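Asks: Here is what each chain is made of, one letter per residue.
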Amino acid sequence: MNFTEHIPILVIALPLFAAFLTPLMGKISRKAPRYFATAVFVIVAFLVVLLANMVYSRGTEPIIYTLGSQNDTIFRIVLEIDAFSIFMALIMAIVSLAVSIYSWAFVDKYSGQDKFYTLLLLVAVGSYGMVLTGDMFNLFVFFEISSIALCGLVAFRTERGESFEAAFKYMAYSTISGLLLLFAVGIFYSQYGVLNIAKIAEGVGSGPFNELNKIALGLLVTVFALKAGSVPFHMTTPDAYSEAPGGVAALYVAASQAGLYALFRTCFTIYRPVITTETIGWVVIILGVLSMFVGVTMALVQKDIKRLMAYHAISQTGYMLLGVGVGIAVLGNPAALDAYGKMAMEGGIFHIINHAMYKGLLFLTAAAIFYRVGTRNLNEMRGLAHTMKFTTIFFMIGALSIAGIPPMNGFSSKLMIYESVYQFSPILSAIAMLVSVLTLASFVKVFYSAFMGPKNEKVDAKEVPMSMLVGMAILTGVIIVFSLFPGLVVDTIIKPAVEALLHGWPIAGGM
Amino acid sequence: MIGNAPYIVVGFIIFLGLYTAIFKRNLIKIVMGITLVESGVNLFLITLGYRTGGGAPIFTQATNMHMVLPTPQALTLTSIVIGVATTALMLSFIVMIYKHYKSIDAKDVRRLKG
Amino acid sequence: MRKSVAFGGLLLVFAFLLIAAVNLHGFGDPTNTEMDDYFIHNGQRQTGANNIVTSVVFDYRGYDTLGEATVLFTAVSGVLIALRKEGGEE
Amino acid sequence: MFFGIDTGSGVWNAVMLLLFLAIAILIAFLLRSMGIRGHRKRVHAGEPFYFGNEVPESAYIKASNVYWGFIKAMEKYYKPVMAEHTGNVNDYMAWLVLTMAGILLVIFFM
Amino acid sequence: MMSKIVRSMTRPLYPFIILFGAYLVVHGHLTPGGGFQGGAVAASAIALLVVAYGGTRMFRKGTLTAMESSGLIVFISLAMVGMATVFFYNFLANGGPIFGEAIFYGPNPGYFNTAGVIPLMNMAVGLEVIGGLGVIIIALGKKAFEVME
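Protein chains in written order, with my numbering: chain E, 1 to 511; chain L, 1 to 114; chain F, 1 to 90; chain H, 1 to 110; chain P, 1 to 149.
Please note: incorrect hints may appear among the correct ones.
What the hints assert, rightly or not - Here are the simulated DSSO-like pairs of lysine-lysine, each with C-alpha atoms no more than 27 Å apart in a straight line:
id, chain 1, residue 1, chain 2, residue 2
1, P, K4, L, K29
2, E, K389, E, K109
3, H, K41, E, K455
4, H, K79, E, K303
5, L, K107, F, K3
6, E, K455, E, K445
7, L, K102, F, K85
8, L, K24, L, K107
These are calculated hints, taken from the structure and not from any lab test.
It should be emphasised that the depicted structure is a prediction, and the values quoted were computed from it without experimental measurement.
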């Protein structure tokens with residue numbers, strides 16, 4: 001048995017197996033699940049890196065792994081892994097590792113730790129499954145796994161009614177969106193009789209852009225924009241982010257970006273040949289601009305620290321939609337695509353990984369503050385910098401990065417978006433800059449009210465435990481590397497991802 | 001046109017489900033609406049696979065070798081189980097919401113807003 | 001006012017569902033059936049199961065079934081988390 | 001490029017920026033070292049001056065009041081937007097269906 | 001807690017419901033049915049017990065969760081054993097030590113000893129579904145009674 005051949009499926013099957021085993025681990029001892037789950041996350045991160053190495057050595061040709069048998073590939077479920085898929089998997093690997101270490105201390109005082117770590121593993125499985133699959137129905141199944149596991153985690157703190165409210169709202173939303181996705185899958189199945197994404201793409205490309213495909217595209221854009229938390233569907237996102245316990249909010253950021261992955265996969269891989277006008281690009285751009293603006297202005301008036309950051313997550317999602325949306329808009333125009341479309345897409349995709357890192361870090365610091373102060377209300381906290389020194393430093397790095405202050409990685413991706421979008425439409429670029437300014441303003445507010453000022457004698461705000469610091473330090477380290485060597489990152493992982501998106505997928509196997 | 005009546009029925013069921021989810025204030029009714037949408041989509045998948053005069057795709061003592069498509073049935077099976085799972089989860093949330101809020105009216109369950 | 005706008009949107013979605021219904025392949029006459037015919041004709045030989053639906057569920061699309069079982073498992077974990085003993089602190 | 005990125009119309013290099021920053025700090029220290037050594041601060045210099053009144057216990061501004069002026073000026077925008085986040089599941093569902101209808105409409109008649 | 005009639009009818013009836021569920025599970029590769037359907041039928045017996053007795057005297061939650069986890073572990077292990085070729089490879093079909101009898105295209109009376117890993121997977125999934133749905137029913141019922149009081 002050749003081990004390297006099976007790495008694609010092991011990335012999904014291993015955490016899945018571990019998730020089934022974790023409840024039994026909980027029977028052994030109370031602390032067994034956390035060490036077990038973290039060990040699994042380490043192994044999976046290692047496997048993802050190995051897989052990434054394999055993918056990047058193959059250029060734009062994706063790795064195809066058939067499940068069930070080797071003979072009739074086209075009728076089986078396949079995993080298709082190109083540079084963009086593995087890019088998303090890398091994000092999930094880093095964030096899930098940091099979150100699982102961070103949660104050691106955070107969930108220590110709650111019961112039900114074995115189930116907490118089970119669901120943590122399942123969220124990771126859902127995201128890996130979504131980004132590595134090459135089958136439309138399989139995408140739906142893993143979409144549901146990811147949403148349901150996240151809902152279970154949001155409802156973790158049983159002493160609060162709000163957590164159930166948030167979980168219910170998010171669940172209702174994501175269930176409806178999952179069903180619409182299934183409807184779109186049904187439309188594809190009825191026309192082409194297959195569920196393989198590459199085969200569907202061939203079918204869509206071979207005929208005219210008919211009514212059914214238009215309706216399916218509309219449904220898919222809606223569903224995946226909802227999963228990513230774009231503006232008209234963002235209502236439940238702040239609730240769920242703010243009620244999710246501790247580091248789960250950071251995982252949530254990474255998991256919702258699987259929705260972005262699916263959206264871009266839909267537009268580029270399935271609908272690539274029929275997108276000749278700018279309309280679809282403009283739909284994505286308008287969703288993005290709305291997300292950016294509404295997200296940041298709503299964040300400015302929040303006084304709950306996690307809710308504020310959740311609105312910023314929505315606002316940053318807008319940048320990615322804007323960047324890649326410009327790429328979609330100029331798909332039918334090769335000259336413009338080469339001139340600035342690719343750069344816009346690179347900026348948008350670079351922003352995905354930057355966002356997962358710094359927003360993850362910010363959510364972790366917010367949870368650290370909650371852990372010590374016991375409140376999320378900014379009005380009731382002050383002077384934390386006196387005692388929580390490391391947390392302050394981590395927060396500053398995250399805040400500078402999200403605001404796009406020059407040496408940080410947030411600046412590199414935003415610069416790429418500004419400069420390329422300017423050539424497409426100067427107004428959009430100006431809005432993006434304005435949003436960046438407002439982002440800085442609201443983080444100044446958080447920094448001022450939580451960390452500055454006289455020491456609050458009422459709360460015992462000492463530094464958080466070691467495991468939480470380690471969790472934050474992992475993400476901080478990634479941010480610093482990305483800040484110092486943006487060119488290296490763009491050349492090694494971003495450009496192959498863009499090339500892979502534009503290249504499309506070949507059809508696996510014969511009949 | 002009239003041959004596609006099953007699809008129109010499917011559309012109507014989905015419409016009814018969405019209507020229930022938007023206009024009914026009782027949380028359990030909202031869950032029922034979502035279940036209705038789910039039934040519509042399941043029915044849609046099943047109808048896609050029907051062949052006129054086809055029998056069940058099972059060879060044990062089969063007499064009719066003209067069979068309906070098996071894949072949509074498998075997909076529907078998956079979708080039903082997922083539906084059961086989501087419904088159970090939502091109902092358990094509603095039980096807990098009732099415990100904390102003493103109400104399952106959507107107008108009262110809105111501490112998180114703004 | 002709000003309600004009528006929402007109802008208008010709902011009607012629009014219904015209209016699109018009807019457009020989809022009219023444009024779909026005729027009921028009882030699926031157009032592309034290579035995949036399913038392949039399953040029907042080779043299912044018995046390849047998997048040994050008489051019930052083709054079962055062979056699709058557990059062999060050709062077994063990975064989906066694994067995901068489906070995982071969804072149920074996830075939901076059970078979620079229900080147990082949501083309904084576990086009160087208090088949070090042990 | 002290894003360190004920086006080239007956006008076509010601009011170049012960005014973080015290491016270079018940090019290098020320049022280090023040089024600037026070095027120059028600043030040089031300038032500082034040329035200053036008068038014997039200078040002493042006056043009493044109360046740098047403390048806030050509360051005109052007329054007594055100095056309060058804590059002059060710390062709460063988070064909700066930080067951007068009061070901005071929010072007041074933008075009230076026309078904020079009022080409807082804040083009112084739209086009702087917290088009611090029905091409204092959220094209505095938004096979902098409405099936006100879906102809009103997206104379908106745009107894509108269908110493009 | 002329902003009336004005496006319901007309770008005294010439930011007691012002899014529920015083993016048969018579980019038996020019918022088990023029949024659906026083990027014949028999943030020959031007749032309509034399979035792991036999910038049979039498991040759901042068997043779980044309905046648990047639901048009947050919960051409704052009739054209003055409590056959880058017959059099944060403990062611990063047993064059911066163990067059933068669920070072990071069913072899933074068997075399922076994914078079967079899939080992983082196939083990894084000598086590929087994940088989910090049906091390694092027992094057409095010549096394995098159990099369920100290995102080969103059949104060919106066309107109707108037949110239905111031989112039990114066929115289909116490779118499919119019957120095993122059916123049983124694993126059946127176990128999982130009984131456990132999972134049973135736990136959901138019991139937990140939900142218990143909590144609902146508690147909240148209503």
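Asks: Against each hint, give a clear statement of whether it holds in the structure.
Replies: Hints, verified against the model:
no., hint, result
1, P:K4 with L:K29, "32 Å, violated"
2, E:K389 with E:K109, "24 Å, holds"
3, H:K41 with E:K455, "26 Å, holds"
4, H:K79 with E:K303, "17 Å, holds"
5, L:K107 with F:K3, "15 Å, holds"
6, E:K455 with E:K445, "17 Å, holds"
7, L:K102 with F:K85, "19 Å, holds"
8, L:K24 with L:K107, "11 Å, holds"
The structure shown violates just one earlier hint, number 1.
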